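**Q** Next come the chains, spelled out residue by residue.
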Amino acid sequence: MKKSQNTGRNNGRADLLPVGIVLAVLVFWQLIVSWGDIPPYILPSPIMVLKALFDEKELLLTHTLATLNEALVGFSLAVVLGMIFGILMGYSEPFRRALYPIFIITQTIPIIVLAPLFAIWFGFGFLPKILIVILVCFFPVAVTFAQGLIKADEDMDQLLKVMGAKRWQAFRKVRIPQALPSLFSGLKIAATYSIMGAVISEWVGAKSGLGIFMTRAMSSFRTSVLFADVFVIIVLSLGIYKAVEIIEKKIILRKYNIR
Amino acid sequence: MKNIIEINRLNKEFLNPEAERQGESSLKVLKDVSLSVSENEFVTLLGPSGCGKSTLLKLIAGLDATYEGSIFLSGKDLRSNNVPVCYMLQKDCLMPWRTVLSNILMPVEIKKGNLKKAREDIKPLIDEFGLSGFENYLPGKLSGGMRQRVALLRTYLMEGSIMLLDEPFGALDEITRIQMQDWLISVWERHKKTVLFVTHDLDEAIFLSDRVLVMSTRPGTIIKELRIYFARPRSRDMVLDPKFNEYKREILKLLSEG
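Listed in order, the protein sequences are those of chains A and B. Heads up: the first sequence begins at 1 in the working numbering, then just goes up one per residue. Heads up: the second sequence begins at 1001 in the working numbering, then just goes up one per residue.
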């Protein structure tokens, strides 16, 4: 009991460290801007960013909801597709060998190029945004899940074989639960990509969203609003990441007791 | 008495890549192995590591069909028949996300048997295996000896009249191992199943078995069969008996001669 309390306290201290560093940077930043007489369109001070965040809260909220919607829908679809293809690649060697190189190629195409291309093909609506988010989120999910699934425990495989297990039975009862920790590390990577994917897709044109709001702020030199926008993006990305982590810890890992 | 396991002139070679590493075209692991185990007999294969005893067990379990010679289980040729056996390894292979009970019932689940009935049926066994009260624990919370008992009970639920135990206590500490041996022998003496046991522990082999088959280094072959004339039920005291040491001396001599 005592031991767990101790580790808890240590974890608390470790968590505080990055917060402290960020605070120190913010203070430093504020001082540089105040003393260095830097014009706000080049570098706004943290306080100005905070003010912009507050002043633009209604507009920011609308744009945030638009982006969040795209990110969440795209992320969810990517998770479903990623898991399906992860299972297919994990189960079938020929399938994996056929698909894996193609998936890698899709990751080498710069999203910056795809975003305008998708806008040309699919317009400026919801669809091209979702497609971009799916494209960036799909890969980490499919690949980490597949890798978790092909990790074999030879002894376990042989034991199941002697029990008379069919291949699919062994896969479902052993490989899939075993691969969940890998899947979740992929989900966490995908979670952080999802907001970024949505923002990039909005850059080339959108009715609303943090990405289009960002370009507008940039072109009108309202740098403090741009920073406020970025701040919201960071918070959203961390939020989705944290949500995945909570699901991982609370539901899956506790139930399955892996790791 | 009926022979449940009947093996005649069994030879087994490994081709690549193991053989290549040894600089040979193939690696002979088992040479002219013949043995038989009769019903409800406890027979142990004892030999140095790498002598092919685990390989022999894998062949009997039906995991590898590339061998010369013949293996008959309950009178059926393993080449043309699929004979179910109970099989257990040194590694407990428990699934960490399944409770003790659901790990134990795994063989029933795989065979799509009646889980409800099996759950009722094994209640006395859970008690006998010292696991009552732990049914809903996850394996991670159990000690090494308990995990092995869970694995052993799961093995017991696999259908088949032959139990193949491949160094089941090999990963346990000395004291736990002795406790497990005492416990295993008492359970076995009550239930009597045909057991083929693999170990490289002399005391374990003599203490548990009706017969000990001593194997040579690779390519493994059976160099001596020792019948252990200790009455059952056996108790731990027998390891202090001079006769016990006679057996030990004889085995040590055989092993040093290779």
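Worth double-checking, as some hints may not be accurate.
[As the list claims (entries may be wrong)] Cross-link-like lysine-lysine pairs, in silico, DSS-like; alpha carbons within 25 Å at most:
| id | chain 1 | residue 1 | chain 2 | residue 2 |
| --- | --- | --- | --- | --- |
| 1 | A | 173 | B | 1193 |
| 2 | B | 1111 | A | 166 |
| 3 | B | 1123 | A | 173 |
| 4 | A | 161 | B | 1248 |
| 5 | A | 207 | B | 1028 |
| 6 | A | 151 | B | 1123 |
| 7 | A | 166 | B | 1141 |
| 8 | B | 1224 | A | 161 |
| 9 | B | 1076 | A | 249 |
| 10 | A | 173 | B | 1111 |
| 11 | B | 1243 | A | 161 |
| 12 | B | 1058 | A | 161 |
| 13 | A | 249 | B | 1117 |
| 14 | A | 173 | B | 1076 |
| 15 | B | 1193 | B | 1058 |
| 16 | A | 161 | B | 1117 |
| 17 | B | 1091 | A | 151 |
| 18 | B | 1123 | A | 250 |
| 19 | B | 1091 | A | 173 |
| 20 | A | 173 | B | 1141 |
| 21 | A | 166 | B | 1091 |
| 22 | B | 1253 | A | 161 |
No wet-lab data here; the hints were simulated from the structure. Since the model is a prediction, treat every value here as computed from it, not as a measurement.
**Q** Taking 25 Å as the top limit, are the C-alpha atoms of residue 173/A and residue 1076/B close enough?
**A** Given that 25 Å is the threshold and the Cα spacing comes to 31 Å, the pair is violated.
**Q** Under the criterion that the straight-line Cα-Cα distance not exceed 25 Å, is the pair residue 1193/B, residue 1058/B satisfied?
**A** holds, 19 Å
**Q** Mind checking the alpha carbons of residue 1111/B and residue 166/A for me, to see if they're no more than 25 Å apart?
**A** holds, 10 Å
**Q** Mind checking the alpha carbons of residue 173/A and residue 1141/B for me, to see if they're no more than 25 Å apart?
**A** holds, 21 Å
**Q** Just to be careful, I want the Cα atoms of residue 173/A and residue 1193/B compared with a cutoff of 25 Å; is the pair within it?
**A** violated, 29 Å
**Q** Given the hint that residue 161/A pairs with residue 1248/B, test it: the Cα-Cα distance must not exceed 25 Å.
**A** Distance ~36 Å between residue 161/A and residue 1248/B Cα, so the pair is violated.
**Q** Does residue 249/A lie within 25 Å of residue 1076/B when you go C-alpha to C-alpha?
**A** Measuring from Cα to Cα gives roughly 50 Å; hence the hint is violated.
**Q** Compare the distance between the alpha carbons of residue 1123/B and residue 250/A with 25 Å, and conclude whether the hinted pair is satisfied.
**A** violated, 32 Å
**Q** Holds or violated: residue 207/A and residue 1028/B, Cα atoms, limit 25 Å.
**A** Distance of about 73 Å is beyond 25 Å: violated.
**Q** Taking only the CA atoms, is the gap from residue 173/A to residue 1111/B under or equal to 25 Å?
**A** Since the Cα atoms of residue 173/A and residue 1111/B sit roughly 13 Å apart, the hinted pair holds (cutoff 25 Å).
**Q** Under the criterion that the straight-line Cα-Cα distance not exceed 25 Å, is the pair residue 1058/B, residue 161/A satisfied?
**A** Distance ~11 Å between residue 1058/B and residue 161/A Cα, so the pair holds.
**Q** Below or equal to 25 Å on CA atoms is what counts here, so check residue 1253/B against residue 161/A.
**A** Cα-Cα ~38 Å, so violated.
Hints 1, 4, 5, 6, 7, 8, 9, 11, 13, 14, 18 and 22, counting from the list given before, are not met by this structure.
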